[in-house]
Every structure is written in structure tokens, then in C-alpha cells.
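Asks: As they're listed, the protein sequences go chains W and P. According to the numbering used here, the stretch in the first sequence is residues 25 to 139, in order. According to the numbering used here, the stretch in the second sequence is residues 85 to 196, in order.
Just to be clear, a hint being listed does not mean it is correct.
[To be verified] Listed below are the simulated EDC-like cross-link pairs for lysine to aspartate or glutamate, each with C-alpha atoms no more than 20 Å apart in a straight line: (1) W/LYS66 / P/GLU129; (2) P/LYS126 / W/GLU25; (3) W/LYS81 / P/ASP86; (4) W/LYS81 / P/GLU129; (5) P/LYS126 / W/GLU68.
Calculated directly from the structure, the hints in this document are not laboratory data. For clarity, every value in this text was computed on a predicted model and none was experimentally measured.
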Amino acid sequence: EPEVTQTPSHQVTQMGQEVILRCVPISNHLYFYWYRQILGQKVEFLVSFYNNEISEKSEIFDDQFSVERPDGSNFTLKIRSTKLEDSAMYFCASIGGSGALHGYTFGSGTRLTVV
Amino acid sequence: EDQVTQSPEALRLQEGESSSLNCSYTVSGLRGLFWYRQDPGKGPEFLFTLYSAGEEKEKERLKATLTKKESFLHITAPKPEDSATYLCAVPHGSSNTGKLIFGQGTTLQVKP
């Protein structure tokens, strides 16, 4: 079964450093998303991406965050200057051109720890 | 504002003891309701999509149902491997590609 692949699975970084979280969505999917989940809290939406541009972003997704699809397979989330409160699980998700008929497929996540 | 509320927050069952999880939602125009299973430290794993009131879907010991205001996930004769957090989510907005609004989840523990 096709999977969404995320790397790394765990990243520890110093406060103020830049991090890049990587995702390989399912190959024929067209809509891409980043979500995050702070320990013990809800999964919350960060940003959606379609046709090489951001289609929607949450208030969490401020100027410190950016997304990119540098080639035909990768989808990245960059945090420019990490803060302690950025510590969370970050999930990438994708869906196909027919929309969410078959559900959004999530990756296994990257656990980001900012120290 | 779109909202999803799940109850209970936690549920402990003995193996074989059936029960139901609740997901109440408030959205302007439902474009599907999704159930996911999440194991500790993992991403949400898709279980079901429900689109209209009265719809039911089944998978092994799980059955999801939908009304105009809530959805239930019924677990029949659960086993310890059913222990996980079950998440409910609805898409926001006028399309079925919009962001998902998640509930806080129900953490199920099934004891042998």
C-alpha cells in the first residue's frame, strides 16, 4: 500500500537553529499538508499546498515557517529559527486529485525537540 | 466556527467488553467525517470516511455510524491490539480537500 514517508523520525535542535523536515507524499497525490501535534494536544493544521503554492495556512504558520516542493517527489517544511514551543510531532499528509474520498494519508511523523 | 468534540477522553475496557466512542461535530456543510487510529509516536492511520447521515461502515471489530450531529465508533469484542487513540476529524471549508479539524481523541486501553 502506498505510504507517505517522513524523515528524520526524530530531530533534536538548539533553540534558534533552522530545521528542515522532509516528506515524500504518495506519488500521484496532488494536495499536500503539514500538521503538528504538541504532546497531549490535538492534531492541528499548519499549511496546505497545491499546484506549487500555499492554498491555506493557519495562524501558527508565521514567517518562521516555509514550505517547498523542490522536485517532483519531496515536500519540505522549514522552520527558520526554532523556539522551545516548536517542540512537537510534525505530520505530513497528502490526498489525490479526487479529494478526500479515500481519506487523507498521513506519514509517521517527525518528532522535533528544541532544547 | 467548525468544532469537533470527542468523548470520553479515555476508556478502559476488558477484552471482549463492547463499547462506543462519540464524536460530536459542528460544521457549516459536512463534507465527510473521518475516523483515524493513532498509535503512540505514530501518525494517524485512516479507518473510515462517512459522508451522509445514516451511513455505516465496518472494519473487523469496528463500526462507524453517522448522524446529522455526531458519529459513533462502535467496538465489538475488543482485543488488546485495539488499544490506541481514536481520532475523529472533519474537513473545513467548501471542498473535500480542505484542512482537517481534529477532535482531541479517545484513548482506548483494552486489558486482557
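Asks: Decide, hint by hint, whether the structure agrees.
Replies: Consistency of the hints with the structure:
Between W/LYS66 and P/GLU129 the CA atoms are separated by roughly 15 Å; this keeps the pair inside 20 Å, and the hint holds. For the suggested pair P/LYS126 and W/GLU25, the alpha carbons sit about 17 Å apart, so the restraint of at most 20 Å is met. Between the alpha carbons of W/LYS81 and P/ASP86 the distance comes to roughly 16 Å, so the proposed pair stays at or under 20 Å and holds. The hinted pair formed by W/LYS81 and P/GLU129 fails the criterion: a straight-line CA distance of about 23 Å is larger than 20 Å.
Distance hint between P/LYS126 and W/GLU68 is fulfilled; the C-alpha atoms sit about 15 Å from each other, no more than 20 Å.
When the structure is compared with the earlier hints, a violation turns up for hint 4 alone.
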